[in-house]
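Engineer: Sequence:
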Amino acid sequence: MQLKANERKVVNTQPLDYLFTQGESGVDSIPIVLPLRYGQVDLSTLRWSIQLVSERDTFISKPLTVQKGEENLTVLWNVDEDCTAVPGRVKLTIVGISEDGTEVIKFDGREILIKAAAYGSFAPAPDTLSAALAQAQKYGEEAAIAAQQAVESAASAKQDAQFAQEAVGKGPYIGENSHWFLYDATAQAHLDSGISAYGAEGKSPYIGEDGYWYQWDQTNGIYQKTEIQAQGPKGETGGVVSVNGVMPDGFGNVDVEAGVASVFGRSG
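For our numbering, add 513 to where a residue sits in the sequence shown, where the first one is 1.
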């Protein structure tokens, strides 16, 4: 398949409509034929790139390989996963750039449609989803453990009870940039993990023995330690402000069925 620009600097991109599917990479290589000269400009002296702007206002620019012929200039677009990450309508523009970085000339292409993958527009790929569910389960278990320790211990009632209540809300979520936001125990906030919700190529992230998230680096082929701490330092065990919903009296005692339990280790 070959595209060609006309004298009005327009590239007919209609053959690309519905050709790509979300998440595809390295399958298609599209040659685009341009003139050698436009007016007084020698187009063979320029560097070339393709710009993609989606209907969701995402932008990406990719360099193009240039082949100079006797009558025409051909630029080659290798379609990777970055180009197909966002489904829907996408606007294409071929840009010629001078040595000083100035955008000298642009060849416009019509919008094309990238088909959505089977897992949907916003659902993560299975490996990313598994990591997110594992984190949600982890914080659910921590909440149960913290509540049990609070009932059995005799110190720091408010701190442990608050931890048990908040742990449930520390699960991951998808941010506006389509990345997973993971809870950082040190910062006590959700931070951008850099993990795409669309499911990037490579391996799933994991929590290391040091309590930090490790993310797969496709360039170097190894796991890299991130700055996001998934597990905070273990705090002191403590009590609760209530037992089975019953608040303590002025001495810290709580009536539990037939007996009296002391939350703070004191009896009235």
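None of these hints come from the bench; they were simulated from the model. Warning: the hint list may mix true and false statements.
No farther apart than 27 Å at their CA atoms in a straight line, the calculated lysine-lysine pairs in the DSS-like style are these [to be verified]:
id, residue 1, residue 2
1, Lys517, Lys651
2, Lys651, Lys581
3, Lys651, Lys604
4, Lys581, Lys517
5, Lys738, Lys619
6, Lys517, Lys575
7, Lys619, Lys604
8, Lys628, Lys651
9, Lys581, Lys604
10, Lys628, Lys581
11, Lys738, Lys581
12, Lys522, Lys581
13, Lys651, Lys575
14, Lys651, Lys522
15, Lys738, Lys604
16, Lys628, Lys517
17, Lys619, Lys651
FRET-style restraints, in silico, Cβ to Cβ [to be verified]:
id, residue 1, residue 2, range
18, Asn525, Glu594, 21 to 27 Å
19, Arg602, Arg560, 25 to 31 Å
20, Glu612, Glu568, 29 to 35 Å
21, Glu616, Gly539, 43 to 49 Å
22, Glu594, Ala700, 17 to 23 Å
If you're wondering where the values come from, they're calculated on a predicted model, not measured in any experiment. Beta carbons are placed, not taken as given, at the ideal position from N, Cα and C, and that holds for glycine.
Engineer: Check each numbered hint from earlier against the structure, then list the numbers of those it violates in ascending order.
Structural biologist: 1, 2, 3, 5, 8, 10, 11, 13, 14, 15, 17, 21, 22
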